[in-house]
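K.L.:
Letter by letter, the chains look like this.
There are 4 protein chains.
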Amino acid sequence: MTGTQVSVIGSGEENAARAEEVGRLLAAHGCTVVTGGLGEVMAAAARGAKAAGGTTIGILPGERLADANEWVDYAVATGIGHGRNLAVVASAQAVIAVGGSWGTLAEIAFARALGRPVVILEPGWQVAGDGIERAESPEQAVDLALAHL
Amino acid sequence: MTGTQVSVIGSGEENAARAEEVGRLLAAHGCTVVTGGLGEVMAAAARGAKAAGGTTIGILPGERLADANEWVDYAVATGIGHGRNLAVVASAQAVIAVGGSWGTLAEIAFARALGRPVVILEPGWQVAGDGIERAESPEQAVDLALAHL
Amino acid sequence: MTGTQVSVIGSGEENAARAEEVGRLLAAHGCTVVTGGLGEVMAAAARGAKAAGGTTIGILPGERLADANEWVDYAVATGIGHGRNLAVVASAQAVIAVGGSWGTLAEIAFARALGRPVVILEPGWQVAGDGIERAESPEQAVDLALAHL
Amino acid sequence: MTGTQVSVIGSGEENAARAEEVGRLLAAHGCTVVTGGLGEVMAAAARGAKAAGGTTIGILPGERLADANEWVDYAVATGIGHGRNLAVVASAQAVIAVGGSWGTLAEIAFARALGRPVVILEPGWQVAGDGIERAESPEQAVDLALAHL
Chain A
1 MTGTQVSVIG
11 SGEENAARAE
21 EVGRLLAAHG
31 CTVVTGGLGE
41 VMAAAARGAK
51 AAGGTTIGIL
61 PGERLADANE
71 WVDYAVATGI
81 GHGRNLAVVA
91 SAQAVIAVGG
101 SWGTLAEIAF
111 ARALGRPVVI
121 LEPGWQVAGD
131 GIERAESPEQ
141 AVDLALAHL
Chain B
1 MTGTQVSVIG
11 SGEENAARAE
21 EVGRLLAAHG
31 CTVVTGGLGE
41 VMAAAARGAK
51 AAGGTTIGIL
61 PGERLADANE
71 WVDYAVATGI
81 GHGRNLAVVA
91 SAQAVIAVGG
101 SWGTLAEIAF
111 ARALGRPVVI
121 LEPGWQVAGD
131 GIERAESPEQ
141 AVDLALAHL
Chain C
1 MTGTQVSVIG
11 SGEENAARAE
21 EVGRLLAAHG
31 CTVVTGGLGE
41 VMAAAARGAK
51 AAGGTTIGIL
61 PGERLADANE
71 WVDYAVATGI
81 GHGRNLAVVA
91 SAQAVIAVGG
101 SWGTLAEIAF
111 ARALGRPVVI
121 LEPGWQVAGD
131 GIERAESPEQ
141 AVDLALAHL
Chain D
1 MTGTQVSVIG
11 SGEENAARAE
21 EVGRLLAAHG
31 CTVVTGGLGE
41 VMAAAARGAK
51 AAGGTTIGIL
61 PGERLADANE
71 WVDYAVATGI
81 GHGRNLAVVA
91 SAQAVIAVGG
101 SWGTLAEIAF
111 ARALGRPVVI
121 LEPGWQVAGD
131 GIERAESPEQ
141 AVDLALAHL
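Protein chains in written order, with our numbering: chain A, 1 to 149; chain B, 1 to 149; chain C, 1 to 149; chain D, 1 to 149.
In isolation and in its complexed conformation, chain A is listed as follows (with noise of 0.2 Å):
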């Protein structure tokens, strides 16, 4: 593989601006950002990872590859709709987590049911267990993401 890959995960339109440092921090230490390849969190990890020169992918839900955001490189058509959420956090070394809904808590479980480290910024969903850990920033969410690799 070209190098380490990151998931970026989340929803919620407001933010997105946290997304975009999150998202253009990892392309600045050389990481691939993978997403759900959909709009705000994702759309904004992705756009800030392009600002930076750095390569993403996105693993969509349906079936068609239009759907994928402009900032997404590669795109993953997986036909397989809330499915698609178990590939987005196993295709990564580690996953940061900026807001979001019941999507995202999915992809949290399912990150620590493989093993994937996961860094939740503030705010964000309140569960708490082994191998989740908080940020205060998005530069601290880098770090402790790239200190488990």
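None of these hints come from the bench; they were simulated from the model.
Some hints here could point you the wrong way.
[To be verified] Some but not every residue of chain C turned toward chain D, in silico, with C-beta under 10 Å:
1. LEU86
2. GLN93
3. TRP125
[Stated by the list, open to error] Ranges of calculated distance between the beta carbons of each label pair, as one might list FRET restraints:
4. C:GLY131 / D:ALA51: 32 to 40 Å
5. A:GLU133 / C:ASP130: 48 to 56 Å
6. C:ALA147 / D:SER101: 22 to 30 Å
[As the list claims (entries may be wrong)] Sample of chain A residues with no beta-carbon within 10 Å of chain D, all distances over it, derived:
7. ALA28
8. HIS29
9. GLY39
10. SER91
11. GLU122
12. PRO123
13. GLN126
14. ILE132
15. GLU136
16. GLN140
17. ALA147
A virtual CB, placed ideally from N, CA and C, is assigned to each residue, including glycine.
Fit chains B, C and D to the given chain A structure using the hints.
P.N.:
Chains B, C and D only, in chain A's frame:
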């Protein structure tokens, strides 16, 4: 469909007695009990349902019907690993969680993403949100779940 | 498990009468009839099974139990779209194909990848390989399928 | 997206040389080569693409990125077993089949169910239908695939 389908999710042998009682009560109320088809909480809930003359469905992660526990009447071998957690909760009109680890949390999250009501039997996952209720006993868990139907 | 599970796959309203007869015969032999839970061949096979007093399982592509046709006793909502075709054949000890288009061919292929015997009722997909038999009538299709169990 | 994505599917070590040439030609034409990420035809197609300076995506059945062959640039671990065959073809604008067994036939069928053009390189699966073309050489296979884009 023959009747109301309620999923019982969770894991941990220490939760088997409570899960068995949940399964028994659901069957006594005429519900079909859906589980992930394997051991511990899944087996106990199905065993309880069968003891009360109920019907059980086991939705397995693997490709082999023979993996189903002996209290599964109808087995579905999905072949999609953890992705089957989505099917376990999508196939129910309400979900009751008894203990459980990360896979159970993914199921709780998917259930809510799909709008299914969730009842967490204490002690259980500490996760709050719209559509999640907590119960102190198997009886209360079943009553809360059935109140949504 | 309660009994032998046999999947009836296919599509095309012109194949409904033959599929209904296949479903009826399978139920008369005590088999549980598994289908994809939607219309045409899937509905006809389930209708036939119910007419003979049998039991039916419908494994749906979507997230809604209400999508199941009225002859489905127990519905599984997988939420994984075409990915559910894998579950339809993995959940059977033998598979009978009645007409069908590309989705049916994917199911035939998956069935053989998993080692499930397949019977194609004429006229049907022209695909040959180890473990695929062809039948001239619903009676012969069911006899060939049951001979493997 | 960075460029056109074309999937190379199939199996069988005896088909490796032809698959490698297909991968090389696709990369020479600027296409990103998508495969199932494992061995034989999948590895050969990726190896050919890398030899021509191309980019490769491997969409794996398992949960481990480390399962990807060494010529995969970007790996996606779907965790859904054979269900990943759907993603392999949905993630391409055209599909080229080189040899292969039942899994490959499932991919051909899914590709057509989703409307993706399929080119089968001789000798290959004997299956006919709208949207399936046959090629006598890797050059012809790539030309036919690219003519659809």
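K.L.:
So A:ALA28 supposedly isn't at the interface. Is its beta-carbon more than 10 Å from every beta-carbon in chain D?
P.N.:
Its Cβ never comes within 10 Å of chain D, the nearest being 19 Å, so this holds.
K.L.:
Given C:TRP125 was flagged as interface, is its beta-carbon under 10 Å from a beta-carbon of chain D?
P.N.:
For C:TRP125, the interface hint holds, since the closest Cβ of chain D sits about 8 Å away, which is under 10 Å.
K.L.:
Is the claim that A:PRO123 lies outside the interface with chain D correct, judged by CB distances over 10 Å?
P.N.:
holds, 29 Å
K.L.:
Between C:ALA147 and D:SER101, does the beta-carbon spacing fit 22 to 30 Å?
P.N.:
holds, 24 Å
K.L.:
Does the nearest C-beta of chain D fall within a distance shorter than 10 Å of the C-beta of C:GLN93?
P.N.:
violated, 18 Å
K.L.:
Would the non-interface assignment of A:GLN126 survive a Cβ cutoff of 10 Å against chain D?
P.N.:
holds, 26 Å
K.L.:
Quick one: work out the minimum CB distance from A:GLY39 to chain D and report holds if it exceeds 10 Å, violated otherwise.
P.N.:
holds, 16 Å
K.L.:
A cut-off of 10 Å on Cβ-Cβ distance, and A:SER91 was said to be off the interface with chain D. Does that hold?
P.N.:
Its Cβ does come within 10 Å of chain D, the nearest being 5 Å, so this is violated.
K.L.:
Given the range 32 to 40 Å, decide if the beta-carbon distance of C:GLY131 to D:ALA51 lies inside it.
P.N.:
For C:GLY131 and D:ALA51 the Cβ distance comes to about 38 Å; the hint holds.
K.L.:
Evaluate the condition: distance from the CB of A:GLU122 to the nearest CB of chain D exceeds 10 Å.
P.N.:
holds, 28 Å
K.L.:
Verify this label for me: A:GLN140 is non-interface relative to chain D, using a Cβ-Cβ cutoff of 10 Å.
P.N.:
holds, 25 Å
K.L.:
Between A:GLU133 and C:ASP130, does the beta-carbon spacing fit 48 to 56 Å?
P.N.:
holds, 52 Å
Checked against the numbered hints listed earlier, the structure breaks hints 2 and 10; every other hint is satisfied.
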